[in-house]
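There are 2 protein chains.
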Amino acid sequence: MAQAAEWVAVDWGTSNVRAWGIAADGSTAFAVGSDKGMGKLQRTEFPGVLGELIGEKVDGSVDVVICGMAGARQGWLEAPYLDTPADLRRLSHGAVKPEGAERRFAVRILPGVAQRAAGSEDVMRGEETQLLGLLGLRPGFAGTAILPGTHSKWAEIADGRIVRFSSAMTGEIYEVLSQHSVLRHSFAGERNGAESEAGLTAGLEAGIAEPQLVTSFVFRTRSAALLSGKGADWCSAYLSGLLIGAEVAGHRDWLGRGAVPLIGSERLSKIYAAALERLGAQSYAIDAADATIAGLKEARAQ
Amino acid sequence: MAQAAEWVAVDWGTSNVRAWGIAADGSTAFAVGSDKGMGKLQRTEFPGVLGELIGEKVDGSVDVVICGMAGARQGWLEAPYLDTPADLRRLSHGAVKPEGAERRFAVRILPGVAQRAAGSEDVMRGEETQLLGLLGLRPGFAGTAILPGTHSKWAEIADGRIVRFSSAMTGEIYEVLSQHSVLRHSFAGERNGAESEAGLTAGLEAGIAEPQLVTSFVFRTRSAALLSGKGADWCSAYLSGLLIGAEVAGHRDWLGRGAVPLIGSERLSKIYAAALERLGAQSYAIDAADATIAGLKEARAQ
Chain A
1 MAQAAEWVAV DWGTSNVRAW GIAADGSTAF AVGSDKGMGK LQRTEFPGVL
51 GELIGEKVDG SVDVVICGMA GARQGWLEAP YLDTPADLRR LSHGAVKPEG
101 AERRFAVRIL PGVAQRAAGS EDVMRGEETQ LLGLLGLRPG FAGTAILPGT
151 HSKWAEIADG RIVRFSSAMT GEIYEVLSQH SVLRHSFAGE RNGAESEAGL
201 TAGLEAGIAE PQLVTSFVFR TRSAALLSGK GADWCSAYLS GLLIGAEVAG
251 HRDWLGRGAV PLIGSERLSK IYAAALERLG AQSYAIDAAD ATIAGLKEAR
301 AQ
Chain B
1 MAQAAEWVAV DWGTSNVRAW GIAADGSTAF AVGSDKGMGK LQRTEFPGVL
51 GELIGEKVDG SVDVVICGMA GARQGWLEAP YLDTPADLRR LSHGAVKPEG
101 AERRFAVRIL PGVAQRAAGS EDVMRGEETQ LLGLLGLRPG FAGTAILPGT
151 HSKWAEIADG RIVRFSSAMT GEIYEVLSQH SVLRHSFAGE RNGAESEAGL
201 TAGLEAGIAE PQLVTSFVFR TRSAALLSGK GADWCSAYLS GLLIGAEVAG
251 HRDWLGRGAV PLIGSERLSK IYAAALERLG AQSYAIDAAD ATIAGLKEAR
301 AQ
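The listed protein sequences correspond, in order, to chains A and B.
The numbers in my numbering rise by one with no breaks, and the one at position 51 of the first sequence is 51.
The numbers in my numbering rise by one with no breaks, and the one at position 288 of the second sequence is 288.
A couple of the hints might just be wrong.
Unchecked claim - Computed, partial: chain B to chain A, Cβ under 7 angstroms: (1) Asn16; (2) Arg116; (3) Val218; (4) Ala224; (5) Leu226; (6) Ala232; (7) Gly250.
To be verified - To be clear about the criterion: a stretch of chain B counts as covered by chain A if any three or more of its residues have a C-beta under 8 angstroms from a C-beta of chain A, and this derived list gives those stretches: (8) 27-33; (9) 176-182.
Since the hints were made in silico from the structure, they are not lab data.
Quick caveat, the model's predicted, so the values are computed rather than measured.
All residues carry an ideal CB built from backbone N, CA and C; glycine is no exception.
The task is simple: from the sequences and hints, build the whole structure.
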């Protein structure tokens, strides 16, 4: 039988919420989740959703440490951003304590991080916790870390701080172009995976060679379908490789000599690793959930 | 009273169709249009739409010269692409004669142009006619021309030919991001135009300085709204300036010493002119409809 959860780690994003019960020895006692992300909830609904999610999974009083969009202005309770350079060793000092949850839950919501310099404004909520997790998993890490996703983040870490960071809308641009632009016609056909590798390679090469032409090269998804009969597999992989290649090459000067941690899904991390390799950079993958749990654990211990 | 139309010039795009009756002296006898673009029509519906549009406007037999998506595979009748280097002086030789129209209409649909080299596949339908119009309006033109729009085109013209061209999805990327991405929240507020100029300048500067980071800088639309309280005016103008600035800077090596013709709407051409000026390039505007009519006139005379 699984051990009892001593506390609960929660990643509350825009679209989904996930919670892990963590036992005294650090192992995962349970993992639950639902699609009740911040974007679908009124402020007053958060306590109920939390109760449904973990109420029957835990006994007695527990700490509940939350990261992500639950701390946004439209979330449960706003946790004001820490500003860069943001000291991750003090992340929990910026946490807020929302009201309304069952008394036996000691709930804290961690802050996000903001970069306020004019012309470089940027925000993150959730990724800062994964970066703190990186410091837990790889003590003393310094350098650039990449968190691939809907809104990818590049972060430069030094001395336990997020010195600077840069978001790229790579994942969301892929989604809106493939669903809402003229390119959608190129994604409609049959898929068998046969041309995926060729499309990915062509996209990566184009994006890495000339990232400054990415808004032009996206149209090739359509042209190659019209002129060379490329199918949905090729087009989808080309667009993905192109956008990732351009993101990576555009951030080329963020890369140092050390291997780059990629914190994200296995599928995406593989493509980023291939792009980085073409630029001569080594990388290693860290599962996004592992980083989140490690970060919430570090924060709780602060 | 207006002169009688000797022939009819038609620009049949995906979303709209426009027709101009042209008198013997070259003046415009009438101008009509509707939203019955190629994208909304079955093949068999084109003759009826043409009849509704011009039937009562012309007397007797007339030439009808059409450019644009009516010649696409999904249009009235496919007019196979001319390949680059495409000789615009022979554009009409690639025209096709569709069936079904009233007998008194001698209908021709002009071809588009394709660039087939692997890795540079690209297509245009309609812009080739505007480029032919440019050669009619500016005889002997050679150099790069820009056609700003939903899918902007950059074309290098030499000796009456389209030597090479490059599409950029600038206009459509603006549309899908502002309507379907997380950025849409930044476009929802009140608009009074007060911050448009500042937003446009900030966007142009960012896109021109680092076009390779355009997929990152788009996210600043959201960050600047969250962190600096930028409103819908600023965000909308920033995104537009950013995408145009990145397109222009990405094509920097297409610019020679000569002034660049901008064939498009007055509003867009002004922004492109500002971007070009920042790169030290002069430009002049040609109204898109003027170029289309001039091109159809040249084609008819070929």
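Here is how each hint holds up against the structure:
no.	hint	result
1	Asn16	violated (15 angstroms)
2	Arg116	holds (6 angstroms)
3	Val218	holds (5 angstroms)
4	Ala224	holds (5 angstroms)
5	Leu226	holds (6 angstroms)
6	Ala232	violated (16 angstroms)
7	Gly250	holds (4 angstroms)
8	27-33	violated (count 0)
9	176-182	holds (count 6)
Checked against the numbered hints given earlier, the structure breaks hints 1, 6, 8 and satisfies all the rest.
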